[in-house]
Amino acid sequence: MTLSRFQVICFCVILGAIFLLPGALGAQRVDLSDDFNQLLTEVDAQLVLPVEADYKDIRPLKNRWMDYDFSIRSRKEKMEIRYKILPFEVENRTFYAPHVKAMQVMMQVASNQEDAIVSTISLSEKSLKEDFRADWGKLFTFTPKEEFSNKQTCQLITLFREGKGMVFLFFLFNKPPMELTYRHLAVSFGETDL
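Numbering follows our numbering, in which position 148 of the sequence shown is assigned residue number 230; successive positions increment by one, without gaps.
Fair warning: there could be bad hints in the mix.
[What the hints assert, rightly or not] In silico DMTMM-like links for lysine to aspartate or glutamate, alpha-carbon gap of 25 angstroms or less:
hint, residue 1, residue 2
1, K160, E134
2, K183, E124
3, K138, D151
4, K220, E173
5, K183, E244
6, K144, E244
7, K160, E124
8, K227, D149
9, K183, E228
10, K183, E134
11, K160, E173
12, K257, D217
Hints are computed from structural coordinates only; laboratory data are not their basis.
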């Protein structure tokens, strides 16, 4: 039995797909824990995970400054993204002043060095509504405490949705990746009218 050139090429393509595709798909895999999924459900938020740049989930590390719920890292972009979710608590007064809670979180993880600088930008109303479906949000840029991260820069996006809770996104890097602006769109609240 003689195989045609076309049949040999098809066989090689199929064989390559069988052996290479599972490895390629596995490299991009991000597994969300049941606990983290539950937190997202409680605050009515959806995660927007990057499909390129080989992001993988990594186990959150306990630290004395700020425990977080989930994290992903890309060796290609040399950046880690950490997620902290706080469901709304009626009795907790800080949820009625999200700017206070945001400042507390930033001060917990920002360096206390004398020459350390923190920049703060309020997110635009348009971005809050269209990108995040949030009622309030800020972007902080600072050097993190060494115990929190060995990266030189942290960009912290804090988002608040009334009656739902707060989401904190920590973008940790030495040199900002070209895709950083797109990575900022890592989460959004549900589509309920604002």
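Hint check:
1. K160 x E134: The hint holds at about 13 angstroms.
2. K183 x E124: Holds, at roughly 18 angstroms.
3. K138 x D151: Holds. K138 to D151 sits at ~15 angstroms (cutoff 25 angstroms).
4. K220 x E173: 23 angstroms, holds
5. K183 x E244: 14 angstroms, holds
6. K144 x E244: Violated - the C-alpha atoms of E244 and K144 are around 29 angstroms apart, more than 25 angstroms.
7. K160 x E124: Violated, at about 31 angstroms.
8. K227 x D149: 13 angstroms, holds
9. K183 x E228: Cα-Cα ~22 angstroms, so holds.
10. K183 x E134: Cα-Cα ~33 angstroms, so violated.
11. K160 x E173: Violated, because 40 angstroms separates the two Cα atoms, which is more than 25 angstroms.
12. K257 x D217: 30 angstroms, violated
Violation of the numbered hints given earlier is confined to hints 6, 7, 10, 11 and 12; the remaining hints are satisfied by the structure.
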